[in-house]
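> Each chain, letter by letter, is given below.
Number of protein chains: 4
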Amino acid sequence: MVIVFKPNASSEQIQNVKNYLLNLGFEYHFSEGKEVTILGVIGDTKRLVPEYFLKLDGVSNAFRIQETYKLCSRTFHPRNTRVKVDNLVIGGNDIAVMAGPCSIENESMIYDIAREIRRSGANIIRGGAFKPRSSPYAFQGLGEEGLRYLRAVGNETGCPVVSEIMAISDIPLFEQYVDIIQIGARNMQNFALLKELAHMRKPILLKRGISATIEEWLNSAEYLASKGNQKIILCERGIRTFENSTRFTLDLSSVPVIKKKSHLPIIVDPSHPMGQSDLVIPMARAAVAAGADGIMVEVHHNPAEALSDGPQSLTFKQFENLMREIRMIAEAIGRNIASNEA
Amino acid sequence: MVIVFKPNASSEQIQNVKNYLLNLGFEYHFSEGKEVTILGVIGDTKRLVPEYFLKLDGVSNAFRIQETYKLCSRTFHPRNTRVKVDNLVIGGNDIAVMAGPCSIENESMIYDIAREIRRSGANIIRGGAFKPRSSPYAFQGLGEEGLRYLRAVGNETGCPVVSEIMAISDIPLFEQYVDIIQIGARNMQNFALLKELAHMRKPILLKRGISATIEEWLNSAEYLASKGNQKIILCERGIRTFENSTRFTLDLSSVPVIKKKSHLPIIVDPSHPMGQSDLVIPMARAAVAAGADGIMVEVHHNPAEALSDGPQSLTFKQFENLMREIRMIAEAIGRNIASNEA
Amino acid sequence: MVIVFKPNASSEQIQNVKNYLLNLGFEYHFSEGKEVTILGVIGDTKRLVPEYFLKLDGVSNAFRIQETYKLCSRTFHPRNTRVKVDNLVIGGNDIAVMAGPCSIENESMIYDIAREIRRSGANIIRGGAFKPRSSPYAFQGLGEEGLRYLRAVGNETGCPVVSEIMAISDIPLFEQYVDIIQIGARNMQNFALLKELAHMRKPILLKRGISATIEEWLNSAEYLASKGNQKIILCERGIRTFENSTRFTLDLSSVPVIKKKSHLPIIVDPSHPMGQSDLVIPMARAAVAAGADGIMVEVHHNPAEALSDGPQSLTFKQFENLMREIRMIAEAIGRNIASNEA
Amino acid sequence: MVIVFKPNASSEQIQNVKNYLLNLGFEYHFSEGKEVTILGVIGDTKRLVPEYFLKLDGVSNAFRIQETYKLCSRTFHPRNTRVKVDNLVIGGNDIAVMAGPCSIENESMIYDIAREIRRSGANIIRGGAFKPRSSPYAFQGLGEEGLRYLRAVGNETGCPVVSEIMAISDIPLFEQYVDIIQIGARNMQNFALLKELAHMRKPILLKRGISATIEEWLNSAEYLASKGNQKIILCERGIRTFENSTRFTLDLSSVPVIKKKSHLPIIVDPSHPMGQSDLVIPMARAAVAAGADGIMVEVHHNPAEALSDGPQSLTFKQFENLMREIRMIAEAIGRNIASNEA
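As they're listed, the protein sequences go chains H, U, V and W. All letters in the first sequence, in the order written, are residues 688 to 1029 by the numbering used here. All letters in the second sequence, in the order written, are residues 688 to 1029 by the numbering used here. All letters in the third sequence, in the order written, are residues 688 to 1029 by the numbering used here. All letters in the fourth sequence, in the order written, are residues 688 to 1029 by the numbering used here.
Hint data in this document are derived by calculation from the structure and do not stem from the laboratory. Hints may be right or wrong, so weigh each one.
Any copy, or any two copies together, can satisfy a pair, since identical chains are not distinguished.
[Stated by the list, open to error] Here are the simulated DSSO-like pairs of lysine-lysine, each with C-alpha atoms no more than 30 Å apart in a straight line:
| # | residue 1 | residue 2 |
| --- | --- | --- |
| 1 | K733 | K947 |
| 2 | K742 | K1004 |
| 3 | K882 | K771 |
| 4 | K1004 | K882 |
| 5 | K705 | K757 |
| 6 | K771 | K889 |
| 7 | K947 | K705 |
| 8 | K733 | K693 |
| 9 | K693 | K914 |
| 10 | K889 | K705 |
| 11 | K889 | K742 |
| 12 | K882 | K914 |
| 13 | K889 | K1004 |
| 14 | K947 | K742 |
| 15 | K947 | K1004 |
| 16 | K693 | K947 |
| 17 | K705 | K693 |
Go ahead and model the full structure; you've got the sequences and the hints to work with.
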């Protein structure tokens, strides 16, 4: 922590701050300049709150200068983390393509979709069984039945499967049926849930909360890492801003920022923020161009009938075209689309 | 739902949309104007997603025109809800004052604080035992021990007590020790938790998520109401914006907006968003002037030692002054500070 | 500026940064700790950009630690600035009440409104003659004709008048007709305009831009002050956030924050952000309770006919009630409503 | 405009609203449903303000359903606008690459940079001569001298040149020296400036305000178009959000959204929002992948010395690599980088 004094701070005021720190067991470096006088606090400053010092006479400002996460910081772990799921590696040179319906509606639809997108090159199948809904009156998902279908389709296609968990009590189901456990945006700071999932051995896909700073997001990842599970895949899915022509503002700049601050892989979900399939496609391409380690897109065999998720779901044809485009974009930056062939 | 057509939409395109709705079992009113042609959909449009229609040829826009919450809407329940807690009524003419430390640190401190603020006029005691922390390395609260102290102090002072719950597994503890169960901002859309708390008989204090619209907040209240618990007290505690000179931007305008849209009581917590006690005081006064049904403020017997919560905690003296000021402000708008004397 | 090194920064990397600063003519204090090594730069660091250092090897972070404004900072000018307009003083113990129509529509209406609000206690008359409109097709104001009516009504009632300027070429008109020159939110960073207005002798009312940080707002005030005009009144009028149930989010916390950072007076306009008169009233009360030096509200003799500005304008009756309430609230915090009686 | 009634609105209340509209000369379509009763207003509803109706008894909501811009809307002009500048066409299949220093510092540097980036494939030269600065104490640009250098370098390289205008009084200079006139983010709603620039024959590059919705941005373009200049190029440059790890949040989703709503070309400036060159590069690639008609990036011959703009400026080497990557990305989506060879 750095404490900055006012230009006119008296020596009593400065001494006061020094004594305060000494009493708490901290040391400091003191630096008195013509224009600015500062004091650098030495010790475990995570216990200190910058705002506290703002209340003391003579203090003009106080800053925290260290990140509060360690295990997830590139500073301490310069090399990329590679998360293995079956034959796939997420976070290496290959790009993961997670695709599938928003919600699993019935058995046949998830089969139809999975086979078709597998053929176009998707390498992980997504599908929602427990759905977080703003309104209590909206469809809440098929629950365990949905997970069972998803597992079966994963086995048939040879693709790992990913689905969102919402409650600690569902952990045994996800242990049984799912390969990658997704924590949704609304639960990014559900610390009770994070602490329990940290004890699972499976990879965790941690979505960014809609109002989470990158700092907070990495701190939530640190909850998982510090309690035992470092197989973490981050997923950008849009933040809340004033702009309302899209549902959320997809913050693609988080991709290079995360790459700089952390060693964890990061993928992008353009479907939820964009809300309409013709807007999803260009942003999926942009995600790959920005350096994401993967994308997660919604695909549906008949978007016109999938009333609740239809608008943002790609058709098979749209998905096939998208795969062709992102293959070329990946190549332009020296990467490949991952293949899960044995 | 209202669907707006493009000026140059063909009659085939319009017929297409009509057929689509008829197939789904909806009726509509059709209105063709010189400048604008619109179609009002009749039926349970909660099943429909506006974005879907934006994909259809000839459609220029689609709007939802009904609120998605009912039980919490003033439209359907014009009279104010009054939540009773012991002798207090929240949501009537009297103003609740919830005060106490951020975290319960030990037994004696919560006693000291409670007695003192009780004397100045606080009528409900707050204190955190389970603390949601961005970083896994920060102090997470005393847990059950803290709740036990809180209960004892409530019994001694005759004030109801309020504390935050973070996990479903802690419900039995809160059932035993606490009078008002607080759902924190980070859990406003933890639907698994909301569903369980809806089965409790105790009043729920529902804080606004830092990026929740008022619409989403009322939908979370609707989760509680629709599943059985209508004793809901809303609590504004600041939203996340670009401004960083305060921790959050206290959105006091939510007070009159909620009063217009809903019959539920609303209180304001100025301590967390403001972060420094000298900024908390004016905003606590402003909350009362804006028509809030109560305030929730942090008070500490020795803010200088309460390093983690110190900066935003009022001293006893500051709290006493604040009480005097808000008594006069309440009077200016025809209200009173609640008293929990038998 | 403070430069923070990575824990594993090499001594070459650190030396590199030191050399770089020395070459540019800066000195520094170097502080090497067990956990953190920092370097405090001495000299006129306004020339340095923190992001630059983030590109250098071994650097983990860089912060600016000084405010970039001086004349408007309370650090250097601890005493409140009091802006005199005729017999009124803004920024002292008395509270200014600026009221009037959004736009001056014709001569008789501004007379009717001014007389009535004067009677209820308004002490400054506002009225728009040049209107900033998002759409080129919306009514753009009466121009000079409007200013002439405003001047006449100011003379008759004995109240100073305030109106918004939009173009440098209109300065002579404002010199002639208006007592307080308003810079609107959209022009807060129109630096060409700020530089010209700095040469006027009249007080300037500087509205906060809808996405301006408090830091940027004070820097815009510094443009005025540094070029010759220190008679500045700040005006909070709402910021843009994700919440859309009000037009803007009135950031009342800027009142105590500005009071802490600056010696300039600050008033609040609740009419534009709230958009509906029944929401304006509680927020006007809250502004006074928060410590504002004044309010600016729209009043209209017949809001139902003033289609463009009607929704947010108070009726005479509403304004009279509001005056009664804020008198009592002012008293609760030891202040008064200003009177412009000679 | 659509007016929605409350479920329990009385027939008197509804009749009241109808009479009101009839008195103002509007007609309406009335639609009474089991759940919802609505009224579609017919006529030039731009005169009406939705909030007004919210004040009337029995009204639950009111929406504007038409865009307020016409000339810039794709609805009325389905074909892409192509803006010609010398031999280049912006808005067709080819992608424009505008590059150069943030500020023109002296004659030799702009020559050095221009020649080098021209060789790598830049087709338009950018350079700032009048700089908008938050602080009055920061370097404000070389003014006319800078424009003169820029013109000379444009002539030598055969590339059109673009620079930002800040004041109406500078129009003659820009008429003389510059090929594309840039309106900066801070002036997007400087309506006095927009009105004057609309009379120029030269293409206008209109940057998005940092808190402007896409709707407001297109309305500012409408100011230009409706008053005579339709040669408009939009430029996304980041919006203000809560995230502070980048200067602004580059809203790349505005690219496909603008393409849907408007026929105007749109380019992207990743330099200003990202603030550091290693973050600029991936976002420049992403912009092309998202479908932008061009990019604008800062390049400097010696970023380490360009203290004020250094951090975000690319080196020649970085720019050359970027050009190679975006050529391949353009190809992946069936486009080309524009060439300004005769």
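> Indicate, hint by hint, whether the structure satisfies it.
Hint check results:
{"no.": "1", "hint": "K733 to K947", "verdict": "both (22 Å within a copy, 26 Å between copies)"}
{"no.": "2", "hint": "K742 to K1004", "verdict": "between (61 Å within a copy, 16 Å between copies)"}
{"no.": "3", "hint": "K882 to K771", "verdict": "within (22 Å within a copy, 35 Å between copies)"}
{"no.": "4", "hint": "K1004 to K882", "verdict": "neither (41 Å within a copy, 40 Å between copies)"}
{"no.": "5", "hint": "K705 to K757", "verdict": "both (28 Å within a copy, 27 Å between copies)"}
{"no.": "6", "hint": "K771 to K889", "verdict": "within (10 Å within a copy, 46 Å between copies)"}
{"no.": "7", "hint": "K947 to K705", "verdict": "between (35 Å within a copy, 24 Å between copies)"}
{"no.": "8", "hint": "K733 to K693", "verdict": "both (24 Å within a copy, 17 Å between copies)"}
{"no.": "9", "hint": "K693 to K914", "verdict": "between (42 Å within a copy, 25 Å between copies)"}
{"no.": "10", "hint": "K889 to K705", "verdict": "neither (48 Å within a copy, 46 Å between copies)"}
{"no.": "11", "hint": "K889 to K742", "verdict": "neither (46 Å within a copy, 36 Å between copies)"}
{"no.": "12", "hint": "K882 to K914", "verdict": "both (7 Å within a copy, 28 Å between copies)"}
{"no.": "13", "hint": "K889 to K1004", "verdict": "neither (33 Å within a copy, 42 Å between copies)"}
{"no.": "14", "hint": "K947 to K742", "verdict": "between (34 Å within a copy, 11 Å between copies)"}
{"no.": "15", "hint": "K947 to K1004", "verdict": "between (36 Å within a copy, 20 Å between copies)"}
{"no.": "16", "hint": "K693 to K947", "verdict": "between (34 Å within a copy, 13 Å between copies)"}
{"no.": "17", "hint": "K705 to K693", "verdict": "both (15 Å within a copy, 25 Å between copies)"}
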